[in-house]
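Protein chains: 2
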Amino acid sequence: MRFRVRTWAAVAAGIAMTMTPTFGDEGMWLFNNVPKKLLKEKYGFEPTDAWLDHLQKASVRFNSGGSGSFVSANGLVMTNHHVGADDLQKLSTKEKDYLKDGFHAKTPAEEIKCKALELNCLQNIKDVTADVNAAVKDGMPPAEAFKARQGKIAEIEKAGADEAKGVRADVVTLYAGGAYHLYTYKKYTDIRLVFAPEKAVAFFGGDPDNFEYPRFCLDMCFFRVYENDQPLKCEHYLKWSAGGAKDGELTFVSGHPGRTNRQNTMAELEYLRDTGYPFLMQRLYRMEVNIGSWVARSEDNRQKGEDELFGIQNSRKARIGGLGGLLDPSIMARKAAEEKRLKDFIAANADKVPAEAAKAFETIAAGQQKRVAYIKEATLLEGGAAFNSQLFGIARTLLRYTEEKAKSPRERLPEFGDARLGSLKQGLFSDEPIHDDFEILKLADGLTLFATTMGADHELVKQVLAGKSPKERAYELVSGTKVKDVAARKAMFEKGADEADPMVAVAKLVDGPARAIRKKAETEIDEPRRQAMAALAKARFALDGTNTYPDATFTLRLAFGPVKGYTEAGKAVPPFTEMGGLYERSKEQGNKYPFELPKRWEEKKQSLDLKTPFNFVSTADIIGGNSGSPVVNQKGEVVGLIFDGNIQSLVLDFVYTEEQARAVSVDSRAMVESLRKVYDAGDLANELEGKK
Amino acid sequence: MRFRVRTWAAVAAGIAMTMTPTFGDEGMWLFNNVPKKLLKEKYGFEPTDAWLDHLQKASVRFNSGGSGSFVSANGLVMTNHHVGADDLQKLSTKEKDYLKDGFHAKTPAEEIKCKALELNCLQNIKDVTADVNAAVKDGMPPAEAFKARQGKIAEIEKAGADEAKGVRADVVTLYAGGAYHLYTYKKYTDIRLVFAPEKAVAFFGGDPDNFEYPRFCLDMCFFRVYENDQPLKCEHYLKWSAGGAKDGELTFVSGHPGRTNRQNTMAELEYLRDTGYPFLMQRLYRMEVNIGSWVARSEDNRQKGEDELFGIQNSRKARIGGLGGLLDPSIMARKAAEEKRLKDFIAANADKVPAEAAKAFETIAAGQQKRVAYIKEATLLEGGAAFNSQLFGIARTLLRYTEEKAKSPRERLPEFGDARLGSLKQGLFSDEPIHDDFEILKLADGLTLFATTMGADHELVKQVLAGKSPKERAYELVSGTKVKDVAARKAMFEKGADEADPMVAVAKLVDGPARAIRKKAETEIDEPRRQAMAALAKARFALDGTNTYPDATFTLRLAFGPVKGYTEAGKAVPPFTEMGGLYERSKEQGNKYPFELPKRWEEKKQSLDLKTPFNFVSTADIIGGNSGSPVVNQKGEVVGLIFDGNIQSLVLDFVYTEEQARAVSVDSRAMVESLRKVYDAGDLANELEGKK
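Residue numbers (my numbering), protein chains in the order written: chain A, 1 to 692; chain B, 1001 to 1692.
Just chain A, with the same shape it has in the complex (with noise of 0.2 Å):
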């Protein structure tokens, strides 16, 4: 896996929560309910308050959709090449191409200020699971409880942040609902780049080679934050370990897993197996087939289409995956006793269980059959798929804060809340180029799918479509619509979205079905399925204690695990591959795209010790999201960076298993010799090493 989260992946699925009996190295962790009694009877460490603190906050989360660590005193950031890939692909120009080419400031004057990459360090979480609660009364219309919970939110939110100190405040919803905490981050919009490798070493066998083991891939790349036009002086950052981990060793995982599904019900499961799967799949399909035959068109296309095109066949590949797992009948065997059990405890233990964990398997299982009635079009409309363009997103952004911003906090949308209105402006006003026939590409193909999907003489779609084709149609809006201006947005932004725009017009015309169908899914579906879920939540506290975690939310956990390799139809699969390995991949390959190896990489072999171990995995619990997280050692030193999972961890989506399933790691000896003998980055690799 290409471990990142990607916005749209999310679709199809519904949030979830988890919190029964743990199986081996099960678990994503919050950092304020970390086992440290398991911890210490397996593998005899218990972690101090001061560790797990520190390890917070040497995290950090990217907002373009992964995890990432401070490596030194001086605000430098560890994280993926392919976290990096987006700004990377910004950042460049026809001229410079350092998403292909890598980077290396060789002075802080050198570095790069991104554009519109903000990133998250959580300093602090505070349950306010009962504050939130107290706003949704007994015998409230689901409507109405959403729409009391959504403003106490709101309220807790915006007492919290502090847009002028950088203080950003979110309430996760845990537990699908079980439990609610504020999460306080320090928020930093300042950050520049400062070294990434050849997307060919970084990403080394491409999509084949995605998810597999062996691998041999340099998926670094590194950032600096800065504040007031300085370097941030970091109090909290991860030391480099100075011999690495060795095969056995325990190791921790410190990131942002984005989402899992391990405690949906079956009708849950059931629903993706046959509707929410298939229907992404579809649009993964496609949209990998239309991208991909254009970037291939030309150099240009290329460097306009590739990271959204490796997003896209890295979530592809991540749900074949994951509907093979609901396709085992023997996967759903496990998970339809585990439910079994709860049901058994919940009609034994009226006295323990809230009253209303007694219909909440038929509650939820309700939503689902209204689910697969409103995928389609929801998916369509307020998912944006049928305009499928950043233009869009832009147009439907402006006329929505138009709206919204005349309402009072409590009555908006969650996400034009006054605390999100920062990010909101930093992504709305970003100067990152848009390319028209990127746009057109992708508009046309949404339109097409909007209009096969809906049938071509429904009344919306003609009325979107006006009377042309769907490539016309779509060559029309782009080439016609202001907003690709940023002025233009500051503009709107201020005095309100000009309807006389065509790109604001299309999202105007569709935002009344789109509303409607969100709020439907949001009365109908969603919220009663989080009050099923808190009665389920509270019926498994009971059941199981509360030593548990929850399903992952994007959000800061704690993972661990020894280094372990493991067996593969019956062959012994080692836990490190080594640098030479990666020599001898890409012969066997040919040296062919997208085995073949930078130049730099052919030169300075020979100066190469190729027995450094180069990746390694784990039995960590981790998804996607995890990209860019640190791998510590017990010291909390740096030995690794999380990059992928291999193709057995798949299922971790819907259930732990450590038979084979691995979290895949660069190895820190890797990253420091590659620095020294390949890039010539010696002060790099001497700032990560202390010794600076």
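A hint or two may mislead.
Claimed, not checked - Restricting the straight-line Cα-Cα distance to at most 25 Å, the calculated cross-link-like pairs of lysine to aspartate or glutamate (DMTMM-like) are:
no.	chain 1	residue 1	chain 2	residue 2
1	A	Lys587	B	Glu1095
2	A	Lys571	B	Glu1472
3	A	Lys96	B	Glu1588
4	B	Lys1587	A	Asp498
5	B	Lys1571	A	Asp300
6	A	Lys376	B	Asp1457
7	A	Lys587	B	Asp1300
8	A	Lys592	B	Asp1300
9	A	Lys471	B	Glu1659
Said to hold, decoys possible - Counterexamples of contact, computed for chain A against chain B with all Cβ distances above 10 Å:
no.	residue
10	Lys90
11	Val128
12	Glu338
13	His435
Claimed, not checked - Just a few of them, taken from the derived set where beta-carbon distance is under 7 Å, the chain A residues facing chain B:
no.	residue
14	Tyr285
15	Glu288
16	Asn686
These aren't lab readings, by the way, just hints derived from the structure by calculation. Note that the Cβ used here is the ideal one computed from N, Cα and C, for glycine as well.
Model the placement of chain B on the given structure of chain A, informed by the hints.
Chain B in isolation, oriented as in the chain A frame:
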């Protein structure tokens, strides 16, 4: 377009007819109904019967899905590289990759015999409409009418065929039932490979340049027909033009367009637009992604799957173009106006048209509603999409043959008619390699599609998967079946399919539902449609006369039109490209796949006349299946070789337009120039030019 017919590409489409007044150079004319008068009036050239007879008998059809022609007295056959690709791949070994590296038999002894390749050469056309229609009595229920007609057709075909003499006889349904003609072919089965260039130059630009113009493809391939182990002595073969074609010169194309839908009713076009095409394209997208990513994993995979991948990509691009046409309101308006004209005529002329014509549109529309309801199950089960693999196809053929051979010829499924048995056996007993890993990949994906389309809890899905995941089950079936082994196939063919074989058992399991949905489609949709179309055909004859052409049926047709450029986005696109352009396009694309040139082409550049015309466009009315068709001048001499259509030609499925739509050919001069100067194949060039 890589202009081949792919059998599975036909699943979603209905057969069609056409007879409206033609536009410009419109027309895929029957050889027994060539518009001599129109040609004389417009171009001052009137082909004689002898001219037509010669061209017809020099034309051949490839059973692998393409066209070709005899081009020497010694049985030399010219076609496209992409028509020969299947065979190039089948003949390749781990050591010799003829598809990639090309092939050149310097002596007859080096010519290699193809596996399961059959060529058909049309000898005679006989109108059997009255005979076929007489079998269907007034008032027969559809199922009965269908069976009676099929029985009569089988009887006529059997009487016309002579397996011992290599005579094949097919009754061709024209005008969707307006006429039936008996086509008698000479069948050739000893076909040997003579020459193929490297794929990199034959399919230069790959999928990105496919359907684009200007182009630079040497898409040619030569075979030789043998009889009694000797090269065939040809009476009818095409001579080579000394000077090639000039801009504006009238040319003719003799080939086998596969299928058009020009006379579909609006209800049918709407079905294709809203259901048929979108559903087919979903499958194409998923197959392209699954096979494409697998092919990219290794050289070995590439060799096994590349040709199938190209076919899918080609079909995908063609369907995107076709769907674009259906979603274009101006094209639909033109079709609606045509339909209104016919409806008005029928309403006003009850005395001149059959009574059935009045309700024909309604009958057809009702059938389309049923098609919407049946298409998924029909595609999965009878179309075999749920079991996408060669081995399933073989197992089912063995199973059905066992059942069908016990029936009287009239009762059999048409593909098991006596006249088809020879071709059936040739395919079934071919020893072309079948790769377990590729089969498992495709079958697992088919089973996944099956489970996600019908629902994993569907009874038949559960029976087919037998408690396994799709991947495990595919592995089990492919590893367990004996039908991989040709000897086992022969034994089952003689003694009956072995239902203990796991793949045969699966075929058996689904055969009841598969046959049932097929029968429903045939009796509830196809047969009423055939009768309605026959009535409409008569109404159209009454309205416009009989000097028209039927929709394409993968039988021999004559198209014509001058060599002619066009204007695109205000820019003139000249009709010819030159050999020098090949080098320029390669350079501008960084000489990278799929724009890299074979080494030989780099080395021989200096010796080539770079001004030699390479590819050219003409207005001839062609479609998939025309691949490999010869382009001849008024003297009947070869001036080119059809291999593609431009992107604007993709609407030709529904409407002819000569504004921008163009057929794309390899120029005869480039063929000879490259044979002589790049390939050191002077003997072959001499044979083409009649200098041998």
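Against the structure, the hints come out as follows:
Our distance criterion of 25 Å between C-alpha atoms is met by Lys587/A and Glu1095/B, whose separation comes to about 18 Å. Between Lys571/A and Glu1472/B the alpha-carbon distance is near 18 Å, which keeps this suggested pair within the 25 Å criterion. With a C-alpha separation of about 18 Å, the suggested pairing of Lys96/A with Glu1588/B holds against the 25 Å cut-off. Restraint check for Lys1587/B and Asp498/A: not satisfied, since their Cα atoms lie roughly 46 Å apart, outside the 25 Å limit.
For the proposed pair Lys1571/B and Asp300/A, the alpha carbon gap of about 21 Å is at most 25 Å, so the pair holds. Taking the CA atoms of Lys376/A and Asp1457/B, the gap is about 22 Å. The hint holds against a cut of 25 Å. Among the hinted pairs, Lys587/A with Asp1300/B is consistent with the structure: their alpha-carbon atoms are about 14 Å apart, no more than 25 Å. About 14 Å separates the Cα atoms of Lys592/A and Asp1300/B, which keeps this hinted pair within 25 Å; it holds.
Among the hinted pairs, Lys471/A with Glu1659/B is consistent with the structure: their alpha-carbon atoms are about 19 Å apart, no more than 25 Å. Distance check on Lys90/A: its Cβ is at least 23 Å (rounded) from any Cβ of chain B, clearing the 10 Å threshold; non-interface status holds. Residue placement check: Val128/A keeps its beta carbon more than 10 Å from all beta carbons of chain B (closest about 40 Å). Distance check for Glu338/A against chain B: the nearest CB is about 18 Å away, which clears 10 Å, and the non-interface claim stands.
Here His435/A stays apart from chain B, with its beta-carbon at least about 17 Å from theirs, past the 10 Å limit. Against a cut-off of 7 Å between C-beta atoms, the interface hint on Tyr285/A holds, since the closest Cβ of chain B lies about 4 Å away. The closest approach between the C-beta of Glu288/A and any C-beta of chain B is roughly 5 Å, which is under the 7 Å cut-off, so the hint is satisfied. Here the hint on Asn686/A is broken, as its CB sits about 37 Å from the closest CB of chain B, past 7 Å.
Violated hints, in rising order: 4, 16; the structure is consistent with all others.
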